[in-house]
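Counting in my numbering, the sequence shown runs from 1 upward without gaps.
Misleading hints may appear alongside valid ones.
DEER-style ranges, computed between Cβ atoms [claimed, not checked]:
id : residue 1 : residue 2 : range
1  : T169      : T291      : 41 to 47 Å
2  : R241      : A367      : 18 to 24 Å
3  : T291      : P73       : 17 to 23 Å
4  : G339      : R371      : 28 to 34 Å
5  : F163      : G242      : 24 to 30 Å
6  : D132      : G101      : 17 to 23 Å
7  : E345      : E373      : 16 to 22 Å
8  : D132      : R67       : 49 to 55 Å
9  : D132      : Q64       : 50 to 56 Å
10 : G133      : R346      : 32 to 38 Å
No wet-lab data here; the hints were simulated from the structure. Please read these numbers as outputs of a predicted model, since none were measured by experiment. In this text, a Cβ means the ideal position worked out from N, Cα and C, and glycines have one as well.
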Amino acid sequence: MSRIDRIEFRGINVTPRTNWCFLEVRTEDGLVGVGECTLSNHEGLLAAEAQRLAAAAVGQDARQRNRLARLIPHAPGGLVAATIVSAFEQALADLAARRAGQPLHLFLGGALRDPVRLYANINRGAHPRSPDGFAGAARRAVAEGFRALKLAPFEPLVWEDGFCETNRTAYAEGLARIAAVREAIGPDIEVMVDAHWRFSPGGAAGLVADLAEFRLYWLECPIAEANRAEIRRLRGMANDRGMRLAGAESLAGLAAYRPLVETGCYDVLMPDVKHAGGLEEIRRIAALAQTAGVEIAPHNPTGPVCHAHSVHLCAVIPNFLFLEVQYGETEAFFDMVEGASLRFERGAAPLPQAAGLGVALGPGPHAPWKRIEGSWMDPRLG
Numbered sequence: 001m002s003r004i005d006r007i008e009f010r011g012i013n014v015t016p017r018t019n020w021c022f023l024e025v026r027t028e029d030g031l032v033g034v035g036e037c038t039l040s041n042h043e044g045l046l047a048a049e050a051q052r053l054a055a056a057a058v059g060q061d062a063r064q065r066n067r068l069a070r071l072i073p074h075a076p077g078g079l080v081a082a083t084i085v086s087a088f089e090q091a092l093a094d095l096a097a098r099r100a101g102q103p104l105h106l107f108l109g110g111a112l113r114d115p116v117r118l119y120a121n122i123n124r125g126a127h128p129r130s131p132d133g134f135a136g137a138a139r140r141a142v143a144e145g146f147r148a149l150k151l152a153p154f155e156p157l158v159w160e161d162g163f164c165e166t167n168r169t170a171y172a173e174g175l176a177r178i179a180a181v182r183e184a185i186g187p188d189i190e191v192m193v194d195a196h197w198r199f200s201p202g203g204a205a206g207l208v209a210d211l212a213e214f215r216l217y218w219l220e221c222p223i224a225e226a227n228r229a230e231i232r233r234l235r236g237m238a239n240d241r242g243m244r245l246a247g248a249e250s251l252a253g254l255a256a257y258r259p260l261v262e263t264g265c266y267d268v269l270m271p272d273v274k275h276a277g278g279l280e281e282i283r284r285i286a287a288l289a290q291t292a293g294v295e296i297a298p299h300n301p302t303g304p305v306c307h308a309h310s311v312h313l314c315a316v317i318p319n320f321l322f323l324e325v326q327y328g329e330t331e332a333f334f335d336m337v338e339g340a341s342l343r344f345e346r347g348a349a350p351l352p353q354a355a356g357l358g359v360a361l362g363p364g365p366h367a368p369w370k371r372i373e374g375s376w377m378d379p380r381l382g
């Protein structure tokens with residue numbers, strides 16, 4: 001009765017610039033587990049990979065998730081394949097906890113905290129994308145009880161375009177957005193800046209110096225993850241100015257995170273349950289990070305299923321710092337799921353107490369995913 005009967009990929013359009021993608025796994029006795037596999041502008045590839053997975057997994061015992069949902073670092077398929085495996089592992093964990101009659105956090109060994117502390121990613125909720133627009137989004141988040149927030153202010157800068165007028169203007173505008181946010185919310189709210197790998201090592205060094213006056217909590221992803229020696233140098237510069245350095249949101253598997261920990265690249269690692277291999281793989285990453293005094297703040301700027309899994313996961317990680325949420329993008333985040341409310345409570349997420357994940361995708365109607373024109377990220381950045 002615990003054998004897998006069907007695996008269904010569901011891609012749903014929620015805003016003109018955003019699709020969310022999910023994997024539902026149904027067993028022969030009618031239980032359904034769900035995971036999230038959102039990967040912007042790769043929906044067609046995700047659907048194909050989900051179909052390939054289903055061909056191998058239907059008929060298998062859903063309880064055997066260690067065997068069925070292994071993330072193998074050298075396997076072909078890249079981040080698309082890792083994202084489907086991650087969603088499959090999430091869904092199997094949801095099923096196992098439902099079958100055990102336990103909320104997922106208890107099934108994982110028991111919560112170390114309840115509620116789970118959140119920070120608001122205000123980037124997609126800033127309208128217009130001017131300094132005043134970002135300041136307004138920041139004030140709204142603080143009014144709802146968030147004590148920490150993040151913005152990604154440097155679009156459309158990409159350092160490979162050179163020292164051109166577009167990049168110079170984008171840099172100045174980015175600093176103006178940060179200054180407006182800091183002025184709007186005062187000195188007691190934590191502010192983080194996501195640079196989305198837009199800078200060269202030299203440009204990032206200048207950025208660290210220019211950001212010092214804003215008293216940031218962290219600078220995130222200033223340069224490409226492969227430049228470990230330069231990341232370590234930037235971490236020292238940031239720490240000297242009272243900032244943490246954070247990153248590694250799009251890596252998959254413990255093996256990808258190990259060199260970042262061993263070489264001391266980051267103060268904060270940001271594995272994403274959609275990409276890193278699922279719940280158990282992030283627990284292994286967190287355990288390794290803990291041995292080096294590195295904190296964990298999972299990447300979580302997408303849909304409600306990723307959020308629900310991340311909340312359960314964050315409750316059981318000892319070196320957890322706080323969890324990202326996409327603030328102000330769309331009410332679909334709350335309305336799309338049935339079960340426990342995912343509404344934020346004064347900048348925190350209470351733990352769902354129903355068996356399993358605590359939420360499931362509602363029946364809709366949901367608009368099917370569509371090709372996104374003008375996505376949030378320059379395609380050269382990932």
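Hint-by-hint comparison with the structure:
1. For T169 and T291, the Cβ-Cβ distance of about 44 Å falls inside the hinted range of 41 to 47 Å, so the restraint holds.
2. Checking the proposed 18 to 24 Å range against R241 and A367 shows it is violated: the Cβ atoms sit about 45 Å from each other.
3. As the Cβ distance of T291 to P73 is approximately 20 Å, the hint placing it in 17 to 23 Å holds.
4. In this structure, G339 and R371 meet the distance hint of 28 to 34 Å, their C-beta atoms being roughly 31 Å apart.
5. Range check, F163 to G242: about 29 Å between beta-carbon atoms, so the 24 to 30 Å window is met.
6. Distance hint for D132 and G101: a CB-CB separation of about 51 Å, inconsistent with the stated range 17 to 23 Å.
7. At roughly 36 Å, the beta-carbon separation of E345 and E373 lies outside the given 16 to 22 Å, and the hint is violated.
8. With their beta carbons about 54 Å apart, D132 and R67 fall inside the hinted range of 49 to 55 Å.
9. Between D132 and Q64 the beta carbons are some 54 Å apart, a value that agrees with the proposed interval 50 to 56 Å.
10. Range check, G133 to R346: about 24 Å between beta-carbon atoms, so the 32 to 38 Å window is missed.
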